[in-house]
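2 protein chains.
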Amino acid sequence: MSKEKSFIEHGGDIYTEGKFKGINLVDFSSNINFLGVPKSFKENVYKALEDITCYPDLKYREAKFHLKEYLGAEIKEENIILGNGAAEIINLAIGALKRPCIVVPSFSEYETTARSCSEEIVFCSLNEDFTYNYKSILDNMERCDGLVIANPNNPNGGVIDKKCFEEIIAYCEANKKKIIIDEAFVEFVSRDNQSFIDSCANFKCLFIIRAFTKFFAMPGIRFGYGVSSDKAFIEKLSKTQIPWNINSFAETAIKTVLKDTEYINNSKVLLYKEREYFSQKLKGFKFIDKLYESHGNFFLLKLKETSGEELFNFCLSKGILIRRCRNFRGLNDSFIRLAVKSREDNNRLLEVFMNFEKVNC
Amino acid sequence: MSKEKSFIEHGGDIYTEGKFKGINLVDFSSNINFLGVPKSFKENVYKALEDITCYPDLKYREAKFHLKEYLGAEIKEENIILGNGAAEIINLAIGALKRPCIVVPSFSEYETTARSCSEEIVFCSLNEDFTYNYKSILDNMERCDGLVIANPNNPNGGVIDKKCFEEIIAYCEANKKKIIIDEAFVEFVSRDNQSFIDSCANFKCLFIIRAFTKFFAMPGIRFGYGVSSDKAFIEKLSKTQIPWNINSFAETAIKTVLKDTEYINNSKVLLYKEREYFSQKLKGFKFIDKLYESHGNFFLLKLKETSGEELFNFCLSKGILIRRCRNFRGLNDSFIRLAVKSREDNNRLLEVFMNFEKVNC
Chain A
1 MSKEKSFIEH GGDIYTEGKF KGINLVDFSS NINFLGVPKS FKENVYKALE
51 DITCYPDLKY REAKFHLKEY LGAEIKEENI ILGNGAAEII NLAIGALKRP
101 CIVVPSFSEY ETTARSCSEE IVFCSLNEDF TYNYKSILDN MERCDGLVIA
151 NPNNPNGGVI DKKCFEEIIA YCEANKKKII IDEAFVEFVS RDNQSFIDSC
201 ANFKCLFIIR AFTKFFAMPG IRFGYGVSSD KAFIEKLSKT QIPWNINSFA
251 ETAIKTVLKD TEYINNSKVL LYKEREYFSQ KLKGFKFIDK LYESHGNFFL
301 LKLKETSGEE LFNFCLSKGI LIRRCRNFRG LNDSFIRLAV KSREDNNRLL
351 EVFMNFEKVN C
Chain B
1 MSKEKSFIEH GGDIYTEGKF KGINLVDFSS NINFLGVPKS FKENVYKALE
51 DITCYPDLKY REAKFHLKEY LGAEIKEENI ILGNGAAEII NLAIGALKRP
101 CIVVPSFSEY ETTARSCSEE IVFCSLNEDF TYNYKSILDN MERCDGLVIA
151 NPNNPNGGVI DKKCFEEIIA YCEANKKKII IDEAFVEFVS RDNQSFIDSC
201 ANFKCLFIIR AFTKFFAMPG IRFGYGVSSD KAFIEKLSKT QIPWNINSFA
251 ETAIKTVLKD TEYINNSKVL LYKEREYFSQ KLKGFKFIDK LYESHGNFFL
301 LKLKETSGEE LFNFCLSKGI LIRRCRNFRG LNDSFIRLAV KSREDNNRLL
351 EVFMNFEKVN C
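Just so you know, the protein sequences line up as chains A and B, in that order.
So the first sequence is residues 1 to 361, counted in my numbering.
So the second sequence is residues 1 to 361, counted in my numbering.
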């Protein structure tokens, strides 16, 4: 297995084709809550401005207290590890595995980390309709020391069926294998109790990754965290962290947005409405072969008689950035991913798609 | 050599004895520019608030451009590596050494990092008057693959004599050994051209660490950087970094404070004045045996007929936090370190010291 860092392509590069050319792109390529930064944080940013002249608390005691309160479910401060973005937590947790089983297609950072740290990587593909293949996952776990899975999964937005996942958890718990579940998008899911946080207290094998990036619309603040009842594992990962890894603005965000129930509720209500509207409209285009059911704030689309490249370039020429999916393992350039944004932005994209259809179909 | 993380004690823990007990301590234990956060940053914080809904540029192109402009001296973007605080850069650079020679007493993170990454650590002590022992450093370099040294050094504030250091640089350059110079406090030095940045272009062995923490008074923003003309070394370290390691507020700071010549000049002028005032006053106390010459914004003091513990507790009871030095390798509890702060704060400390003298001497 090559140890080289593979070619990375992420959503959200509004710089190369946008800002550096003086163009303000509408970014459908990164899946950020379209309500934007919570007002509760904005109003308290001056608090952070006072705090930055001091070092943050080396133990981040207040931050962990607020997270514990938010998570409930018997989570204690000692079950939480804080990261400079989910990226740091992904790096630490997956980096601790020798033979991870990674469910794909999914976020490319899982594979990037595993390539630099693991001895062997096993890839377990989703079914053709992008549902999880639970049997295949379980079969693979025999030769792996950990599972890496997202809930909901990026790029398609599917969620884990808890009933079907039970056997996998039981097997991993009994055989001391880790289950790393990336729940970066879980707060967008409309079904109740879709997160595995509640199961953490009962299963030490579970390690849940969360972040402020997507739901709280703050990728720039760089804050993510991991949760597990395996105290020894949390301690092992923490020992390798640099001191003061969380900045004061992220600390202020932790103290404000988690209690912002108005923002949290509004986000869900508005997203569900827009997701429904957007999917109904998108389904009408001739050049879209399939739109997969999503519980996130984004859609994976399969194109027909056109390519991701063609659509990407057309959209870019109209000031819109979409996400090509050719660098997701198992996908190719006939797939694209779109964020669900505000009605105004979604309509803007729909209009561009209509023009594309006129020209190309 | 034990691989355990040793007991850490840093300045700036205003939480345990202060905030969590509802007490606002005056913090002389961490050495932060007493002018506080530059106005140029405060005025642009709303720019950062807009930016945090987007991922930072994965390549941090604008940030590196502004640093390059600030550093001058033939530094190019490719010579710069950005860190989540100097802590990340220290961790990466020292982590790359197998047998570092660490000049002590100095910042404890050098040793902490080396303990978790190195095969062997060689400690090279400062002279009794806390000047550098250049001969001893050179002798030690034969069996080491890198030198770790601070300029100015923390906790005493002494600076490297460039002339005396020439032979060490020449030896390391010829023998492919690294010289890691932590210049976190160098902008406070009144002598011109005390930094080794200007020598970077000519000597690939040099790796300079800088930060916004001290001079720009922003420990909470978490930003540090490394500079070296050894492109391969910079690339090697960069490859192990997580993506988006610098937050949007730090990016905004980079774009604003480096050009804030008013803040930069005021900081120097005011510090020199206060440093002189404070040292003259401090020298008058009977319980202070020695005050060492400092080019930083802090002083190392040797106590007599009292201990760090005694003075620490007395000051704490008056709302002042000072830095005990017992956990600096080579020092003991008869040393303390004090930040140079505003005239008002310095006078407040001097008054507490007068009371201490009355009670104890």
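Heads up, a few of these hints could be off.
Any copy will do: because identical chains look the same in the list, a pair fits if it lies in one copy or spans two.
In the DSBU-like style, the derived pairs of lysine-lysine whose C-alpha atoms are separated by at most 35 Å in a straight line are [said to hold, decoys possible]:
(1) Lys286 to Lys318
(2) Lys283 to Lys255
(3) Lys281 to Lys358
(4) Lys98 to Lys59
(5) Lys76 to Lys259
(6) Lys176 to Lys163
(7) Lys21 to Lys304
(8) Lys47 to Lys255
(9) Lys273 to Lys259
(10) Lys304 to Lys59
(11) Lys19 to Lys59
(12) Lys239 to Lys177
(13) Lys177 to Lys204
(14) Lys255 to Lys59
The hints are simulated quantities; they were obtained by calculation from the structure and are not laboratory data.
Starting from the hint list further up, note which numbers the structure goes against and sort them upward.
-> Number 2 - this is the single hint that the structure violates.
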